[in-house]
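These are the residues of each chain, in order.
There are 2 protein chains.
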Amino acid sequence: MTAPRPFKIQPIDCSIAAALDVVGERWSLLIVRAAFNKLRHFEEFQAALGIARNILADRLSRLVEHGILERVPDPIDRRRVVYSLTDKGKGLSPLIITLMQWGDRWGAATGGSKVLVDKRSGLPMAPMRVRADDGRELALEDLEWIDRAELDGEQPAGAAQGLR
Amino acid sequence: MTAPRPFKIQPIDCSIAAALDVVGERWSLLIVRAAFNKLRHFEEFQAALGIARNILADRLSRLVEHGILERVPDPIDRRRVVYSLTDKGKGLSPLIITLMQWGDRWGAATGGSKVLVDKRSGLPMAPMRVRADDGRELALEDLEWIDRAELDGEQPAGAAQGLR
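In order, the protein sequences belong to chains A and B. According to our numbering, numbering within the first sequence proceeds without interruption in unit steps and concludes at 164. According to our numbering, numbering within the second sequence proceeds without interruption in unit steps and concludes at 164.
In isolation and in its complexed conformation, chain A is listed as follows:
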């Protein structure tokens, strides 16, 4: 009996694999989380995360290399360097919130001692939901993979139909 293969994944061709290469590493995302918490100096990251200095140096370099953090002179003492989130790095906030919510929902029963809330209401954020372009909430069953060319309209209609 041959196993059915409804969908073949090309890891090399997948934006998840690419994203995981950058942020899948445990320390890297914890450093980004610390940067969201306004930590900026090497020593602050080191003290907050309890991470070995050589590993921290390596992960900071990687995050700079990938354009997630940038090294800028400390506005208070320009001989020092601080690490600042780029727009690409700030773009990780939904990922961090989603990861946190999943960890809270399914992780250890105790949860963390700190909770991130909306300043205005003092309440935790709404659960992250997958939504359609028009705002409808989507379940997994509502999604399908199509060829990018179909979406971009780069293929003649006949060829695009053939790919469905």
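Watch out, some of these pointers could steer you wrong.
No copy labels: a pair is met if it fits in one copy or bridges any two.
[Unchecked claim] DMTMM-like cross-link-like pairs, simulated, lysine to aspartate or glutamate; straight-line CA separation at most 20 Å:
#, residue 1, residue 2
1, 38, 150
2, 88, 133
3, 88, 43
4, 90, 150
5, 38, 74
6, 119, 58
7, 90, 134
8, 90, 142
9, 119, 147
10, 38, 134
11, 119, 25
12, 38, 104
13, 119, 70
14, 38, 144
15, 38, 142
16, 119, 87
Worth flagging that the hints you see were computed from the coordinates, not collected in a lab. Note that the structure is predicted; figures quoted are calculated from it, not measured.
Given the coordinates of chain A, work out where chain B should sit on it, guided by the hints.
Using the frame of chain A, we list chain B on its own:
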């Protein structure tokens, strides 16, 4: 000059660290993504991901151990085993979509050849956004950390005030 320490992180006390321990590993999340794509047999995962059999076996065991996948008899051939997403595993869909969107937005310019779309509209999902309980879109600046006890109302008001 002492570096300011606006917020000290306790990695051991953080649901992100806990979540990353489970899904931060590259292959684990790619296996979950494959399961979302309805892959279920060991051989299907192996063929789709091009992963070494011993690594695949190890990662599948870990995902079962963490309650993300479960081993169930294949309904077509009960001598075989298939891997099925649990509710905890299905709860990773917002994470996978968020990761994919970030990779698409900021990753290699080419992007993947396949795009995940809403079946009904044929359009990609709306970007994942952090939202308040009442639906307002939130930026990082709109968020703050509070002590969980404050939220749960487990502390007398006076003590909770003291923690702010």
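Structure-based check of each hint:
1. In this homomeric assembly, residue 38 and residue 150 never come within 20 Å of each other (Cα to Cα): the closest approach is 42 Å inside a single copy and 22 Å across copies.
2. With identical chains, the CA atoms of residue 88 and residue 133 are never at most 20 Å apart, being 22 Å at best within one copy and 26 Å at best between copies.
3. Taking CA atoms no more than 20 Å apart as the test, residue 88 paired with residue 43 passes in neither setting, with 23 Å inside one copy and 37 Å between copies.
4. Proximity of residue 90 and residue 150 under a CA criterion of 20 Å is satisfied in neither setting, with 31 Å inside one chain copy and 28 Å between copies.
5. For a Cα distance limit of 20 Å, the shortest separation of residue 38 from residue 74 inside one copy, 13 Å, qualifies, whereas the shortest one across copies, 50 Å, does not.
6. Within a single copy, residue 119 and residue 58 get their C-alpha atoms no closer than 34 Å, and across copies no closer than 43 Å, so neither meets the 20 Å cut-off.
7. Taking the shortest Cα distances, residue 90 and residue 134 never come within 20 Å of each other, neither inside one copy (25 Å) nor across copies (23 Å).
8. Taking the shortest Cα distances, residue 90 and residue 142 sit within 20 Å of each other only across copies (14 Å), while inside one copy they are farther apart (29 Å).
9. Proximity of residue 119 to residue 147 under the C-alpha cut-off of 20 Å is restricted to the inter-copy arrangement: shortest distance 13 Å between copies versus 42 Å within a copy.
10. In this homomeric assembly, residue 38 and residue 134 never come within 20 Å of each other (Cα to Cα): the closest approach is 34 Å inside a single copy and 26 Å across copies.
11. Taking identical chains as interchangeable, the C-alpha atoms of residue 119 and residue 25 are never at most 20 Å apart, the minima being 30 Å within one chain and 33 Å between chains.
12. Neither within a single protomer nor between protomers do residue 38 and residue 104 lie at most 20 Å apart by alpha-carbon distance, with minima of 22 Å and 26 Å respectively.
13. Taking the shortest alpha-carbon separations for residue 119 and residue 70, neither the intra-copy value of 27 Å nor the inter-copy value of 39 Å comes in at or below 20 Å.
14. For a Cα distance limit of 20 Å, the shortest separation of residue 38 from residue 144 across copies, 11 Å, qualifies, whereas the shortest one inside one copy, 39 Å, does not.
15. Within a single copy, residue 38 and residue 142 get their C-alpha atoms only as close as 38 Å, which misses the 20 Å cut-off; across copies the closest is 14 Å, which meets it.
16. With identical chains, the CA atoms of residue 119 and residue 87 are never at most 20 Å apart, being 22 Å at best within one copy and 31 Å at best between copies.
Of the numbered hints listed earlier, those contradicted by the structure are 1, 2, 3, 4, 6, 7, 10, 11, 12, 13, 16.
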